[in-house]
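Q: Here's the letter readout for the chains.
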Amino acid sequence: MARAVTTRRKSLNTVLAWAVGLLIFFPILWTILTSFKTEAQAIASPPLFLNFNWTLENYAIVQERSDYMRFLWNSVIIAGGSTILGVIIAVPAAWAMAFVPSKRTKDILLWMLSTKMLPAVGVLYPIYLLFIRLGLLDTRGGLVVVLMLINLPIIVWMLYTYFREIPGEILEAARMDGASLKEEILYVLTPMAVPGIASTVLLNFILAWNEAFWTLNLTAVDAAPLTAFIASYSSPEGLFFAKLSAASTMAIAPILILGWFSQKQLVRGLTFGAVK
Amino acid sequence: MATQHSRSVARLMMAPAVVLLLGWMLVPLTMTLYFSFKKYLPLRGGDLGWVGFDNYVRFVSSSSFWPAVQATLVIVGGVLVITVILGVLLAMLLDQPMWGQGVVRILVIAPFFVMPTVSALVWKNMFMDPVNGLLAHLWRFFGAEPISWLSEASMTSIIIIVSWQWLPFATLILLTAIQSLDSEQLEAAEMDGAPPLKRFYHIILPHLSRAITIVILIQTIFLLSIFAEIFVTTGGAFGTRTLTYLIFQRVLESQNVGLGSAGGVYAIILANIVAIFLMRIVGKNLDA
Amino acid sequence: MYLKHALRAATALTFVATAAAHAQSITIATVNNGDMIRMQGYTDKFTEATGIDVEWVTLEENVLRQRVTTDITTKGGQFDIMTIGMYETPIWGANGWLVPLDGMSAEYDVADILPAMSGGLSHDGTLYAAPFYGESSMIMYRTDLMEKAGMEMPEAPSWQFIKEAAAAMTDRDADINGICLRGKAGWGEGGAFITAMSNSFGARWFDEDWKPQFDQPEWADTLNFYVEMMTESGPAGYATNGFNENLSLFQQGKCGMWIDATVAASFVTNPDDSTVADHVGFALAPDTGLGKRSNWLWAWALAIPAGTQQEDAAKQFIEWATSKDYIELVAENEGWANVPPGARTSLYENPEYQKVPFAKMTLDSILTADPNNPTVKPVPYVGIQFAAIPEFAGIATQVSQEFSAVYAGQQTVEEALAKAQAFTAEEMEAAGY
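Chains as they are written, first to last, in our numbering: chain A, 1 to 276; chain B, 1001 to 1288; chain C, 2001 to 2433.
Isolated chain A, as found in the complex:
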């Protein structure tokens, strides 16, 4: 039974939560607002909150300087590709770990996570040389593979914790009915795991989208995603806050919107086994 909550307490909660929420969101809001100002208004003192002449000129300048759609498209392909590939490889592994656990399962899982600790800058030269040898520099395929490998441990971990929550009895029942392994995975497990897979996909899409070291260092033109796009907007001369804000808004808007629309999915599965 739900506790009876006084309106007063609810109001208090609401005010407090909104205040904190807006405070946390404020840097993003400020960036978005600034992107509609002129450069002079962007540094006006005292700062202008809403009372300025809204303009789209920064977006026009940014678009003229760099082909936004190409960067965006590369980001989508690379983040999407690496996530899909990662999930395809991780689902069977996580299934095996969750339903046929052995003494070593936990060790393997923790070892996988430890591969994420390799400092990227330390291996830039080896990987760069390898990419040259394989002809993968500035290709989306190469980045898809690298980002998939970087995030694979997280994907396996998330799916594993999610699968473990699925009661084994259901599978046994299916097995009694004569379901094959393939059918078991396809018709019993997958539907139950969809929310978990969905949030795994979302989290890894976000991580891949925001990865800024490899995506910047292994690309030039053909495969350069939004992380490379943003790398030219901290101007060395003159005012740039408004242009930087416009470019920043363009870089984060797609993922922000995606995140907002799918936040329920994301939240539901984002437990990493924190809840039993």
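Be aware that one or more of the hints could be misleading.
Stated by the list, open to error - Straight-line Cα separation of at most 20 Å, EDC-like style, residue types lysine to aspartate or glutamate; simulated pairs:
| id | chain 1 | residue 1 | chain 2 | residue 2 |
| --- | --- | --- | --- | --- |
| 1 | C | LYS2254 | A | GLU237 |
| 2 | C | LYS2254 | C | ASP2144 |
| 3 | B | LYS1038 | C | GLU2429 |
| 4 | A | LYS10 | B | GLU1187 |
| 5 | C | LYS2045 | A | GLU237 |
| 6 | C | LYS2254 | B | GLU1187 |
| 7 | C | LYS2377 | C | ASP2287 |
| 8 | C | LYS2045 | A | GLU64 |
| 9 | B | LYS1038 | C | GLU2426 |
| 10 | A | LYS10 | B | ASP1095 |
| 11 | C | LYS2211 | C | GLU2414 |
| 12 | A | LYS10 | B | GLU1190 |
| 13 | A | LYS264 | B | GLU1190 |
Just so you know, these hints were derived from the structure itself, not from any lab.
Nothing here was measured: the structure is a model prediction, and the numbers come from that model.
Starting from the structure of chain A, add chains B and C where the hints point.
A: Using the frame of chain A, we list chains B and C on its own:
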């Protein structure tokens, strides 16, 4: 349930992930180890021969090494403390009944979607700039002398920026955990007249312990390798040179791949020490 | 092997798509400075004339350096043209990594490039990069504030004069700082400034045996003078001010004097951006009477990495972008004050350009800079605000970080110099000097 047959099928299913990650670990690791025993200076003609453990000795005996280890631990530790404490408080707040819960949750998780480069650029220029930054305006509004954040409070600044990015993640996981808390148990405690603080310590916190360890484990993995936040803001100046950044300086700024590779090996060792330590705790929690 | 094929197949589609779309296409890595961005705007004209498509990779300076250095040292072949500076060019040229820029057409007129520039962009007399624009550094000052202070700026002032003038111009209540200088960490930022300044105080980075010289009194003199002057008359938080921060302060009327790149002159005199455009005077960078001034020499230049498949197209582009015609094209559309300066002699002989208020002082500053004899005492290296050896960028960035910590009040001059000395000695030993 686990027959011999299902075991071998399971092994087969794990094989692709394990083999790929093994490759991803071994290939760069082998190459890093190889370079670390070489005098390898790309701008001086590349491979200049074997030098034994010279790079290892030089990297550790450099005056920058221990401060870098310290900076790494301070940043990781600082961010963990802030995100966990604020995360618990925020999760408890968001769990309360209120109007517009969905929207508030959207506002709170938004920073997680912002790429590190963008968040560093925005914080550095539009907030922490001592002349035109919003914080400087705020300080002046209250009659105070604006702080030059990135030089006078460099560590604090970086911890603020990184915490802002990771607070949503911690909050989300903790929120899911809180929501699974048996509300009858809480109500019973409330009936018994247990004060809020006591309820927090004896019921909520123990319930969250597992979620907290997971937040710590996952965040640590990401925090040990933060780079963009430092590269964009201080460039390693004012005591913010972490181990990762020191390696970057050795490899890319000084163009000494051998020395940087030795640093990379040290970083892996440090990361694994932290990892083993963490996994001991989490591992226990995973079984329970 | 299997992996290799699979990956190639996976990416083959992308390749085919790009290859089919463009007959000939070159990729240029460049820095996001205003002049470069303007050049991107005019690229269509180049494509129209030659049929060669141009792909731009525009990056912030530090990221650019990191990207192109990785690519050239590993022979990654990602770029057909790289935008590099006077520091990189001789080192890369000596390693045989750049295509020599010989055999340029007659109308390109290589001899017209300012000797200081072509000298700094050559190795053993061979030109390896063509200057897009060149710069020295000079004093930019507010004529109105100078007058108000009752002083007059000589054409070639001393540091002592600058210090006194800065103190006299400072008016904290009116938010006016007598002098704004770079203090930001980084070898190309505060490091470049303090090194050029130290030259005029008789300091040097290395002696003839490549021994670091931070334990010598000249360096302590330089730093003490700088810190004293900046504490007295500089803006708050100058430890994080670089070129752009100072530019913005000066444009907002918050600086009495600013010593920095000559290219800044066109920004501070542009009434669109600068509130003080009508009150800016220029003078040579200061000295201490030892025979060296504290001005530097730099050029952003275009170079072709050896091994590119597009050598001819790349050369055509460089000829176009650094030609006299390009300068005229910009002058026609944007006015003479906005042409890329400091690269060609003919520009300074052009009567139209001579009308530009900062033209003469820019040329004089460039002409007084001598990278081959940068210091009072002899040195084994070439370069004024840098030493053209591969180790310098790494060392100088860390050294300048120690200096910035002094400016932020986190350590003393002595401590910083001791650390700089130890660290530099360490690195030079590691490099085998």
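Q: Taking the hints in turn, state whether each one holds.
A: Do the hints match the structure? See the list:
Restraint check: the Cα-Cα separation between LYS2254/C and GLU237/A comes to about 17 Å, which is no more than 20 Å; the hinted pair holds. With a CA separation close to 13 Å, the supplied pair LYS2254/C and ASP2144/C stays within the 20 Å bound. Only pairs whose Cα atoms come within 20 Å are accepted, and LYS1038/B paired with GLU2429/C is accepted, the gap being roughly 16 Å. Restraint check for LYS10/A and GLU1187/B: satisfied, since their Cα atoms lie roughly 17 Å apart, inside the 20 Å limit.
Among the hinted pairs, LYS2045/C with GLU237/A is inconsistent with the structure: their alpha-carbon atoms are about 25 Å apart, more than 20 Å. With a C-alpha separation of about 62 Å, the suggested pair LYS2254/C and GLU1187/B falls outside the 20 Å cut-off, and the hint is violated. Between the alpha carbons of LYS2377/C and ASP2287/C the distance comes to roughly 15 Å, so the proposed pair stays at or under 20 Å and holds. A C-alpha spacing of about 16 Å is found between LYS2045/C and GLU64/A, which places the hinted pair at or below 20 Å, so the restraint holds.
Taken as a hint, the LYS1038/B and GLU2426/C pair is honoured in the structure, with Cα atoms around 18 Å apart against an allowance of 20 Å. Taking the CA atoms of LYS10/A and ASP1095/B, the gap is about 11 Å. The hint holds against a cut of 20 Å. Between LYS2211/C and GLU2414/C, the direct Cα distance comes to roughly 18 Å. Compliance with the 20 Å bound is thereby established for this hinted pair. For a cut-off of 20 Å, the pair hint linking LYS10/A to GLU1190/B stands: about 18 Å separates their Cα positions.
In summary, the hint linking LYS264/A to GLU1190/B is not supported, as the alpha carbons are separated by about 30 Å, beyond the 20 Å threshold.
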